[in-house]
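Chemist: Given the coordinates of chain A, assemble chain B onto it according to the supplied hints.
Letter by letter, the chains look like this.
There are 2 protein chains.
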Amino acid sequence: MVELKIIFLGTSAATPTKSRGLSSIAIIRDGELLIFDAGEGTQHAIAVAKLGLNRETKIFITHMHGDHCVGLLGIIQSMSMAGRVKPLDVYGPEPLGGFLRESAKYLRFGVNFPLRVHQVHEGVIHETRDYKILVAQGEHSTPNFSYVLEEKKRRGVFNPAKALKYGVPTGELWSRLQSGESVKVKNRSVKPSQVLGAERSGRKIGISGDTRPTPKLEKFFSKCTLLIFDSTYSERHQYLAKERLHSTAKEAAKIAKSSRSNLLILTHFSSRYSEVNSLEAEARQIHPNTIAAYDMMRLIVPYPDQGEAKFLDISGEQANR
Amino acid sequence: MVELKIIFLGTSAATPTKSRGLSSIAIIRDGELLIFDAGEGTQHAIAVAKLGLNRETKIFITHMHGDHCVGLLGIIQSMSMAGRVKPLDVYGPEPLGGFLRESAKYLRFGVNFPLRVHQVHEGVIHETRDYKILVAQGEHSTPNFSYVLEEKKRRGVFNPAKALKYGVPTGELWSRLQSGESVKVKNRSVKPSQVLGAERSGRKIGISGDTRPTPKLEKFFSKCTLLIFDSTYSERHQYLAKERLHSTAKEAAKIAKSSRSNLLILTHFSSRYSEVNSLEAEARQIHPNTIAAYDMMRLIVPYPDQGEAKFLDISGEQANR
Chain A
88 MVELKIIFLG TSAATPTKSR GLSSIAIIRD GELLIFDAGE GTQHAIAVAK LGLNRETKIF
148 ITHMHGDHCV GLLGIIQSMS MAGRVKPLDV YGPEPLGGFL RESAKYLRFG VNFPLRVHQV
208 HEGVIHETRD YKILVAQGEH STPNFSYVLE EKKRRGVFNP AKALKYGVPT GELWSRLQSG
268 ESVKVKNRSV KPSQVLGAER SGRKIGISGD TRPTPKLEKF FSKCTLLIFD STYSERHQYL
328 AKERLHSTAK EAAKIAKSSR SNLLILTHFS SRYSEVNSLE AEARQIHPNT IAAYDMMRLI
388 VPYPDQGEAK FLDISGEQAN R
Chain B
88 MVELKIIFLG TSAATPTKSR GLSSIAIIRD GELLIFDAGE GTQHAIAVAK LGLNRETKIF
148 ITHMHGDHCV GLLGIIQSMS MAGRVKPLDV YGPEPLGGFL RESAKYLRFG VNFPLRVHQV
208 HEGVIHETRD YKILVAQGEH STPNFSYVLE EKKRRGVFNP AKALKYGVPT GELWSRLQSG
268 ESVKVKNRSV KPSQVLGAER SGRKIGISGD TRPTPKLEKF FSKCTLLIFD STYSERHQYL
328 AKERLHSTAK EAAKIAKSSR SNLLILTHFS SRYSEVNSLE AEARQIHPNT IAAYDMMRLI
388 VPYPDQGEAK FLDISGEQAN R
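Chains A and B are the protein sequences, given in the same order.
Start counting at 1 in the first sequence, then tack on 87, and there's your number in my numbering.
Start counting at 1 in the second sequence, then tack on 87, and there's your number in my numbering.
This is chain A alone, in the form it adopts within the complex (with noise of 0.2 Å):
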């Protein structure tokens, strides 16, 4: 079991508000930080929640507008500046590469680590052994990409009965099936299949962006443990999210259900609303399992045979909510 958590660094759509930071999502896993979209005040966010900047971390750009990718600027100068070496991967649209070219040009400052730009572009961007990140394109005033971190298939539950009906003694022989190893007993191959129960699925974390709901971001988000969907307007600025290619919370909330998801996280709401629970309440009416973000907000995502999210306050504790 490999524990997922993620912290919402920024909620606000387009301008910070007292409360709301720009847009920024941490996912923590297996140690691993990854991190989509960088609002300016991230690295300030990355400060407060103490993510550090020297872990291993990559960092994914949904779209070029500055309340999305801004704080990369400060967030590489400052691990540059705390002696970072191991190697930073960002992904994001083809002008990003640019953008810190020309940024670190006029600004003047040196990277004493490798950062790697990597242009996004649909199907899957990264895999490792346990997860992959997909992308697509959504529907926004300059090309947005969508991301999905999908874990792969995990072992099935090991049948302690069944070990001992191959004749397999407990200790380490059981170990090594555990982890996926054929044993020998007695000169007869016991293989992990025979002991194992079906494979499970690992969680699907779905992130859009700023976006228009569309039919085919409903199908890559389709069976997400955690949707995170852009949840600009409510219902009576509906006129305004299809003008601007947002989305309401309501239309977070169809997309959250059609793509048969669990959790639904609205975010990126316009600084127009001095609180978001009418945002909240409108998408529940819709899917019922929904939750409004709020900055600092922390969360263990549980896999899909799991139970539901748990959330955290900040000393850690589970929050009462």
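Just so you know, the hints here were simulated from the structure itself, not pulled from any lab data.
Hints should not be assumed to be uniformly reliable.
Identical chains share a label here; the pair holds if one copy fits it or two copies do between them.
Unchecked claim - Computed cross-link-like contacts, BS3-like style, restricted to lysine-lysine with a CA-CA straight-line distance of at most 30 Å:
| hint | residue 1 | residue 2 |
| --- | --- | --- |
| 1 | Lys310 | Lys145 |
| 2 | Lys173 | Lys105 |
| 3 | Lys341 | Lys137 |
| 4 | Lys173 | Lys92 |
| 5 | Lys329 | Lys252 |
| 6 | Lys306 | Lys252 |
| 7 | Lys145 | Lys192 |
| 8 | Lys105 | Lys137 |
| 9 | Lys173 | Lys329 |
| 10 | Lys105 | Lys271 |
| 11 | Lys397 | Lys310 |
| 12 | Lys92 | Lys239 |
| 13 | Lys105 | Lys92 |
Modeler: For chain B alone, kept in the frame of chain A given last:
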């Protein structure tokens, strides 16, 4: 009498900390907002301090390091989205215009108000009926421009006894004399100079940006009512101050003393210090009238003949210090 208020929007050097944002200082004088430096996060601090995006504003950049100017991007975008129509004047070193132009290209932001970028040079760069902004170059790893806001002399104090002696009756004629107009009494002209005391000095605010202390700056900051000076390091890190072309708290105090400035405010603290009381103490040994800034510290700066600065708490009441 014109109120002059200062709010420290960000007081950390290079990297923000949990409690300190990147460099920015706001002066609000007679309703006009003058911002000196705009590190990442300044627009958030502007929101917290409720300074507004639609008022008469000028922004002065000391040098082109990211922690002093990257926040301009978000301020300009947010002003544009807030429907600003008033012009914005931005002053800074030569590369500033290019940086803003290139960023606008990559981030595709339109600016819906007149944005005027002025390249600064030593001497007077802006002058109104009431005050001047002056510039002198400091000594840093990239060209750094220190700023002075210097108010013009104010009229002397009105002397009622003298007015009566010259036969001027109380009422409208007194007001006209007080506002600098000559008046006629029984066919004789009475001039303001006959009834007003000597002209009184205005306030002088000095802002160093990032720099070593230099003889040029000592002269430039001569007799500041308030001097805000680079205080990146404590005495034990003097070698770093020399190496990286910053100042220590003690060096800031020495220049405050030798320039015969009144109040010294230390700012731009290295993030290595979790508290800055010791830096304040080091400076006070040289220049007792010294205060270490913190984010959202606000004070009213009095005229030189009107006593000491008044520090306000967040609600605008006089703070206990």
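Chemist: All hints, please: hold or fail.
Modeler: A quick look at each hint next to the structure:
1. Proximity of Lys310 and Lys145 under a CA criterion of 30 Å is satisfied intra-copy only: 24 Å inside one chain copy versus 51 Å between copies.
2. Proximity of Lys173 and Lys105 under a CA criterion of 30 Å is satisfied inter-copy only: 24 Å between copies versus 34 Å inside one chain copy.
3. For the homomeric pair Lys341 and Lys137, neither the shortest alpha-carbon distance inside one copy (35 Å) nor that between copies (37 Å) is at most 30 Å.
4. Proximity of Lys173 and Lys92 under a CA criterion of 30 Å is satisfied intra-copy only: 22 Å inside one chain copy versus 45 Å between copies.
5. In this assembly of identical chains, the alpha carbons of Lys329 and Lys252 never lie at most 30 Å apart, being 62 Å within a copy and 75 Å across copies at closest.
6. For the identical chains of this complex, Lys306 and Lys252 are neighbours neither inside a copy (43 Å) nor across copies (92 Å), given an alpha-carbon limit of 30 Å.
7. Within a single copy, Lys145 and Lys192 get their C-alpha atoms as close as 23 Å, and across copies as close as 25 Å, so both meet the 30 Å cut-off.
8. Within a single copy, Lys105 and Lys137 get their C-alpha atoms as close as 21 Å, and across copies as close as 9 Å, so both meet the 30 Å cut-off.
9. For a Cα distance limit of 30 Å, the shortest separation of Lys173 from Lys329 across copies, 29 Å, qualifies, whereas the shortest one inside one copy, 42 Å, does not.
10. Taking the shortest alpha-carbon separations for Lys105 and Lys271, neither the intra-copy value of 64 Å nor the inter-copy value of 56 Å comes in at or below 30 Å.
11. For the identical chains of this complex, Lys397 and Lys310 are intra-copy neighbours only, at 19 Å inside a copy versus 59 Å across copies, given an alpha-carbon limit of 30 Å.
12. When the C-alpha separation of Lys92 and Lys239 is checked against a cutoff of 30 Å, the pair qualifies only within one copy, where the shortest distance is 17 Å, while the shortest distance between copies is 58 Å.
13. With identical chains, the CA atoms of Lys105 and Lys92 are at most 30 Å apart both within one copy (25 Å) and between copies (21 Å).
In terms of the numbered hints stated before, the structure departs from hints 3, 5, 6, 10, listed from lowest to highest.
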